[in-house]
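Peer 1: This is what each chain is made of:
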Amino acid sequence: MSGEFTRPRFRLAPYVEVAKTAMTLEATYRFDVFSSVASVLVRIYILRTVWVALYTHNAAPANLPLHSILTYSTIAMLMSLVMDIDQTRALHNSLHDGSIVTDFTKPISVPLYFFANGTGEVLFHALLILPALAFALLIVHIDVPSAATLVTFFISFALGYCVGFCINFILNCTAFWTLETSAVQMIVTWITDLAGGELIPLVLFPAALQQVLIFLPFAAMFSTPLLIYIGEITPSHYLEAIGFQVLWLAVLAGISAVIWRRGVRRLVVQGG
Amino acid sequence: MTVPSRLQAMAGAYREYWRINILTTLEYRTNFLLWLGFTVVYHGTALVALWVILEAFPSMNGWNFREMAFLYALWMLAHAINNTFFSEVNNIPDYIHEGELDRFFVRPLDTLFQTITTPGQVFPDELILALTYFAAATWYSGVHVDLKFALFVPLIAFGGALIDLGINLFVATLAFWFIRVEALQWVVTQLEQEFTRYPISIYSRSVRLLLTFAFPFAFMNYYPATFLLHKPDLALALPPEAGLLTPLIGLAFVSIAYAFWRFGLNRYQGVGH
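Those sequence lines, one after another, are chains A and B.
Positions 1 to 272 (this note's numbering) are the ones given, in order, by the first sequence.
Positions 273 to 545 (this note's numbering) are the ones given, in order, by the second sequence.
Keep in mind that the hints are not guaranteed to be accurate.
Facing chain A, a subset of chain B residues (Cβ under 7 Å, in silico) [what the hints assert, rightly or not]:
hint, residue
1, Val313
2, His315
3, Val324
4, Phe329
5, Ala455
6, Leu456
7, Ile474
With beta-carbon atoms standing in for the labels, derived distance ranges [said to hold, decoys possible]:
hint, chain 1, residue 1, chain 2, residue 2, range
8, B, Leu427, A, Glu17, 57 to 63 Å
9, A, Asn58, B, Leu427, 51 to 57 Å
10, B, Gly284, A, Gly254, 55 to 61 Å
11, B, Pro426, A, His141, 44 to 50 Å
12, A, Thr105, B, Arg534, 48 to 54 Å
13, B, Trp290, A, Asn58, 44 to 50 Å
14, B, Pro512, A, Gln211, 40 to 46 Å
Derived by calculation from the structure, the hints in this document are not laboratory data.
Every residue, glycine too, gets a C-beta built ideally from N, C-alpha and C.
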């Protein structure tokens, strides 16, 4: 792509505009917003009921009292408001309808453009966490950890978000080669929910399975920040846990870059 | 048209519908395999989640994993029947918004029948999967299989599918009044799936009443499962035979949804789109 024209100097302003537009666009679908918040609240209610029923009729696991698991599940549900969004769907769509060609003529970095667009959508959904949290507090009691733990949790959550972004980006990049990506996308979503510990904390899994799952990128998305929040990962292990997330992020970002470059080359060949 | 000739026309259209579906599936084989993979993972992750929970906690209100596996099997069977035969109902909102519904009015067959038989890429893969899993779960849970079982299970599964169809039709009909119902469709599907996963006796009394009388998902699997597994109903203390009412509940529920659909349809013509 380069060589034919001089690349314009990097400016942040256009990306901010793109993010703002995406945010406004998301906000127009008020009914969707209402439904997704309502759905999260009902799911919090279901999870609370299920865990309470299980803890009433069985011996509680030693390392996970009821209040911890209720906190864990509620925070996981609130996180899913942000994590379950496919921020790079726009990439898939413009590859599908061919409008990616005009995206390339714009004086911006195309992957960053999609990142800005996705971030706008996500920021809007992040705002939804506040009302959802307010209502959730009517259903369950949530533990609040110390300030230091809370800060670490947010850092870990942000890293988990970036890992999720890379996974979505890679999946949507496969649209360079195949047409149908939504099935694969949904398969990965279901697996993430289970293997990432969103539905059930990984510490409750049978030991052998646990040993495998904690090393997968899905655990870096949900399990790590959540275990930090409830104090299952202690401050002495913070560095180790976050280091592991950074490692996964680096690996997945590397794969994203390679796939993107290959895909773009293929697109140019196809387009003539 | 007389009734027999109309039925004959419908049967012909229905045969053609399946012929096109199967040909389309054969044409897009990769697509088919991807969606089959999706179905397997969807049910697979749900069952693994149940297994993990009941490995850590052996009992959920007196239900063990084997019984919960059967509870899931009953829901999956009914849900698969609905997905195989009636899933096109979920496209009604698109037809309404893109003005395609109007095409159906000028044709001589029932509008709902036409929407249900609009060819897509439907293939009975989920139904085959559900039947296989149902057989396995029946054996695994040790349900007593006798003549009564063989007689009632198909009726219960079909009744459950009608409950599913009823709720989908109801939500789809809302598209006559609201522009976007996709999110609601997704939410309803998700909630149905979550509320049918566990014995409803774990919920508060008001939720049990809702799941029994307002959105009768409990009749898709909970009540029939308590009957077939000879378990007492701890939810509303209904007699075990309540589980056999599923086909009737299904018929009643789908009739109400159909009446609502007719109401929406008449209104739709009234505004003169």
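Peer 1: Which hint numbers doesn't this structure obey?
Peer 2: 2 and 9
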